[in-house]
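Kindly generate the complete structure, drawing on both the sequences and the hints.
So the chains spell out like this:
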Amino acid sequence: MDKILRIDVGAQGGPKATVEPVGDYAGMGGRAMTTMVVFKEVPPDCHPLGPENKLVISPGLMSGSAASSSGRLSVGCKSPLTGTIKESNAGGTAAQALGRLGYAAVILEGERQGDDMYKVFIDDQGVKIEKANDLKMLPNYDLIEKLKPVYGEKVSVISIGTAGEMRFSNSSIAVTDPEFRPTRHCGRGGVGAVMGSKGIKCLVVDASNAKMRQPVNPEAFKESNRKFVEGLKQHAVTGQGLPTYGTNVLTNVLNEAGGYPTYNFREGRYKHHQTLSGELQAETMKNREGGQPTHGCHRGCAIQCSGIWTDKDGNYMTKQPEYETVWSHGGNCGISDLDAVAKLDYLDDNYGLDTIEMGVTIGVAMEAGVIEFGDAEGAINLVHEVGKGTPLGRILGAGAATTARCYGLERAPVVKGQAMPAYDPRSVKGIGVTYATSTMGADHTAGYAVATNILKVGGDVDPLKVEGQAELSRNLQVATAALDATGFCLFVAFAILDQPETFSAMVETINGMYGLSMTGDDVVALGQKILKMEQEFNKKAGFGPEHDRLPRYFSREPLTPHNVVFDVPSEELDKVYNF
Amino acid sequence: MSYTADFPEPYDKALGNLPLMLMRHDAPELFSLLLQGGFLMPVPEPCTLREFLCELVGVCGVYTEKTIQTIFLDGLAIDDLDTALIRPGSRLALSAAMPGLAGATMRRGGYYRKMREGISQRSLESAQDQAKDPFRLQVRLYNMVGRDLAGLFLHQGILTPSSDFRQFLMSQPQKFFDHLHAVELDGVSLPSTQESVGSWPLPDEDLGLRVAD
Ligand code: SF4
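Protein sequence lines, in the order shown, are assigned to chains P and D. Residue numbers in the first sequence follow this note's numbering, run continuously in steps of one, and reach 579 at the last position. Residue numbers in the second sequence follow this note's numbering, run continuously in steps of one, and reach 213 at the last position.
Please keep in mind that the hints were generated in silico from the structure rather than gathered at the bench. Take these hints with a grain of salt, some might be off.
Said to hold, decoys possible - Restricting the straight-line Cα-Cα distance to at most 30 Å, the calculated cross-link-like pairs of lysine-lysine (BS3-like) are:
hint	chain 1	residue 1	chain 2	residue 2
1	P	LYS575	P	LYS539
2	P	LYS40	P	LYS128
3	P	LYS16	P	LYS148
4	P	LYS271	P	LYS211
5	P	LYS3	P	LYS128
6	P	LYS233	D	LYS66
7	D	LYS66	P	LYS286
8	D	LYS175	P	LYS312
9	P	LYS575	P	LYS529
10	P	LYS271	D	LYS175
11	P	LYS16	P	LYS128
12	P	LYS154	P	LYS131
13	P	LYS227	D	LYS175
14	P	LYS211	P	LYS233
15	P	LYS40	P	LYS16
16	P	LYS540	P	LYS529
17	D	LYS175	P	LYS286
18	P	LYS286	P	LYS154
19	P	LYS136	P	LYS388
20	D	LYS175	P	LYS233
Unchecked claim - To give a feel for the contact side, a few chain D residues facing chain P, derived at Cβ under 10 Å:
hint	residue
21	ASN17
22	LEU33
23	ASN143
Backbone N, C-alpha and C fix where the C-beta goes; we use that ideal spot for every residue, glycine too.
This is how it looks when you write it as C-alpha cells:
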C-alpha cells in the first residue's frame with residue numbers, strides 16, 4: 001500500500017483523481033492514517049460539511065494480506081454529529097480490495113460544484129469518475145441492484161444511502177459484504193454526510209486482477225498467522241461464543257448485570273430480554289431456511305461473528321443484527337420482537353443510518369410522546385420518515401441530541417452529541433469513563449481492546465486502586481487506537497487478553513508482513529500518537545475537559561435494579577489524558 | 001469446553017412434591033431456551049455458590065473454573081464462589097466468558113473488575129448466620145453454559161411454571177421431537193409427538209421436570 005488516491009471534487013469539469021506516493025504518511029493505515037490526514041490537512045474550526053473538511057478512507061495496515069480477521073476499513077473526517085475528529089470503521093470486503101490495489105488511502109477533498117452526484121470506479125488499471133445522477137437518492141440496497149448488472153457481484157462498493165445524500169448528522173457509509181449486500185457500515189458520527197457533501201454516491205472497487213499483498217518475510221508471516229488463527233479458534237469467546245451466538249450473546253448478561261439500558265435509559269433491566277437474546281437469535285436462524293448464525297463479514301475471518309437473518313418463509317431480511325442494534329431498537333425502545341428489530345436494521349442499512357444513533361433517537365422520540373414505547377410499527381414508520389427526508393424525518397436524522405432539543409427534553413443519552421451505546425454507564429462505570437472522555441463522543445469501541453495488561457500501557461496498573469478507572473480507560477483507549485490502525489477486527493482482543501502467545505503471534509504477523517521488529521511498546525507508542533493527534537484536533541475545534549462529561553442526569557437519577565448513579569469525579573475524568 | 005463428568009444421583013428426588021414430568025430425550029441442549037428463561041431449583045439450606053454447584057448439582061473442577069466465567073447472584077457480579085451465598089430469594093445466572101469490554105469487565109476476578117465496582121458482590125455473610133430451611137433458588141443458564149449443563153440440571157430436575165413450559169414446547173421445531181422418546185406425567189404415559197403437546201394435561205401452576213436419555 002504505497003499510494004494515495006486524492007479526488008478533488010471541486011476540479012474544473014468535475015471531480016479529478018490524482019494518485020500520489022504515500023510520502024509522509026508511510027507506515028500509516030486505518031485509524032492512524034485517517035487521524036493523521038485529518039490532523040494535518042483539515043482546519044479544526046471548519047464546518048464539517050464545508051469545503052475544508054476531507055473524507056479519508058483507509059484500509060488497515062494488514063488489510064489485503066492473508067492475515068486473519070484483518071479486513072477493517074476506517075473512515076475519518078471532522079464529524080457533523082459531534083464536531084470532533086472522527087474515525088468510524090467497518091468490516092466488509094472493501095478494505096481488502098483497496099489494500100490489494102495498493103491504496104493506503106482515498107481522500108475526498110475540495111468544494112463540490114453543482115448538484116451532480118458522481119461514482120468512482122477503481123481497478124488495477126486506474127480510476128474513472130463518472131456522473132451518476134441516475135443513482136441519486138437511491139437507498140443502498142437499490143443502489144447495489146443497479147450496480148450489479150454493470151460491475152458484477154465480485155466488486156466491493158463503498159456507498160451512501162439517502163441519509164448521506166441529505167447530509168444528515170446521522171448517516172453512515174456502507175460497505176458490501178461477501179454476498180454483495182450493503183450490510184457493513186461505518187456508522188458513527190455522520191460520516192455519510194461528509195461523503196454526501198462531496199457529491200460522491202459510491203466508490204466501486206474491483207480488485208479481481210490484483211494479487212493478495214505479499215509479506216516481506218513470508219515464512220515468519222505464515223507461521224505467526226497460523227499461531228494467531230489457532231489462538232482465535234481455541235479461545236472460548238472468539239472460538240465459540242462469537243461464532244455461535246454473535247455479539248448479541250451479551251443481551252442476557254448485560255440484563256442480568258442491570259446494565260441494559262431500557263426505555264431510553266430509564267431502567268437497567270428489560271423484562272422481555274429473552275425474546276431478544278443471542279441464544280434465541282441463533283436458534284431461530286438455525287431453524288429458518290436460509291438463516292445462518294455463523295458467517296464472516298469478509299473472507300478470511302477466523303471468528304465469523306456475523307450472520308444472515310431470514311423471515312419465517314426463508315426470505316432474506318438483513319444481516320444478523322448485532323448486539324448494539326438489537327438493544328437500540330429493541331430493549332431501549334421497549335420492542336421485544338427480533339423480526340421487527342431485523343426490519344429496522346434493514347431499513348437503517350438501506351437508508352444509510354447508524355443503528356445505535358437511530359435507535360436511541362427513536363427512544364428519545366418515544367419519551368417525547370411522538371409514538372409509544374413498544375410500538376414497532378411506529379418505529380418502522382419513523383425510520384421511513386428519516387430515509388425519505390420528511391420534516392419530522394429531518395429532525396430525527398440529525399440524531400438523538402438534536403431530537404431531544406427539538407422536543408424540549410433533558411434526557412438525551414449523549415456525549416459530545418453522539419448517542420451512548422448499549423451499556424449503562426451507571427452500572428459499568430469504567431465504560432462511562434470511556435464514553436465521557438473518548439475523542440469520538442460516546443463510543444463503546446473506544447475502550448474495546450482489552451489487552452492493556454499485556455501491553456502494559458503506561459506501566460503496571462493496579463485496577464483496584466481508586467484512580468484505576470481513569471488509568472484503565474486511558475490504556476484501553478490507547479490499545480484500541482493502535483488496533484484500529486492495523487485493520488484487525490477489535491474482536492481479536494479477547495484472545496489477545498488471555499493468551500499472551502496469541503498477542504505475540506499478532507505482532508509477529510505484522511512484523512512478518514512489513515519486515516519489522518516491532519514490540520508491544522511500539523504498538524503502545526502508535527496508539528498514544530493517534531490519541532494525542534485526536535485530542536489536539538479536538539482542542540483546536542473548541543473541546544476542553546468540560547466536554548468530557550456525561551449528562552448530569554446520569555449522576556442524579558439512580559438506575560434500577562441496583563439504584564446506582566454515575567459518580568466518578570470530574571477530576572478523575574480529567575486524568576485520562578495525562579500522558 | 002463441554003461438561004463431561006458423570007451425572008450424580010439427583011439430590012432432591014421429590015422436586016417439591018409437584019406434579020412430575022419425566023421426559024426421555026437424548027439432546028438436552030435443545031432445552032437451553034427454556035433454561036435461559038429461568039427456572040427454580042430446590043435447595044435444602046443456605047450454602048455457598050461452590051457448595052450449590054459442586055456438592056448439590058455436581059458441577060465441579062475445571063469446568064467451573066474455566067468455562068463459567070461470568071456469574072451473577074442477585075444481579076451482582078461474582079468473583080469468589082466460596083464467599084457468594086445462596087439464600088431464600090436468590091437469583092443466580094451462569095454464563096461463559098463474554099466479548100467486548102463489558103464482557104471483560106463482568107468476568108470473575110477479571111483484570112477489569114474495577115470498572116463494575118458498583119455492582120460487584122461485597123457481602124461476606126456466612127451461611128452459618130442463616131436459618132437452615134429449604135427454599136427455591138431462581139436459576140438462569142446462558143449461552144454455552146446453558147448448552148453444556150442442560151443435561152446435568154435437567155437430570156437433577158427443575159421446577160418451572162407449566163405455562164412457560166408449554167409455550168417453550170409449542171415453539172419447538174420437529175427436530176426437538178425427533179429426540180423425544182417418551183413422556184410421563186406422574187407415572188402416566190403421554191404421546192410424545194409434536195401435535196400432541198396441546199393435549200397434555202399439564203397442571204395449572206408449576207411442575208417438576210426431569211429429563212434423562
Ligand atoms: S469477527 Fe465479526 S466483525 Fe470482526 S471481522 Fe469477523 S465477522 Fe467481521
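The hints, checked one at a time:
no.	hint	in the structure
1	P:LYS575 / P:LYS539	holds (16 Å)
2	P:LYS40 / P:LYS128	holds (27 Å)
3	P:LYS16 / P:LYS148	holds (25 Å)
4	P:LYS271 / P:LYS211	violated (52 Å)
5	P:LYS3 / P:LYS128	holds (17 Å)
6	P:LYS233 / D:LYS66	holds (16 Å)
7	D:LYS66 / P:LYS286	holds (27 Å)
8	D:LYS175 / P:LYS312	holds (16 Å)
9	P:LYS575 / P:LYS529	holds (17 Å)
10	P:LYS271 / D:LYS175	holds (29 Å)
11	P:LYS16 / P:LYS128	holds (9 Å)
12	P:LYS154 / P:LYS131	holds (22 Å)
13	P:LYS227 / D:LYS175	violated (38 Å)
14	P:LYS211 / P:LYS233	holds (27 Å)
15	P:LYS40 / P:LYS16	holds (22 Å)
16	P:LYS540 / P:LYS529	holds (17 Å)
17	D:LYS175 / P:LYS286	holds (11 Å)
18	P:LYS286 / P:LYS154	holds (27 Å)
19	P:LYS136 / P:LYS388	holds (13 Å)
20	D:LYS175 / P:LYS233	holds (28 Å)
21	ASN17	violated (28 Å)
22	LEU33	holds (6 Å)
23	ASN143	holds (5 Å)
Hints 4, 13 and 21, counting from the list given before, are not met by this structure.
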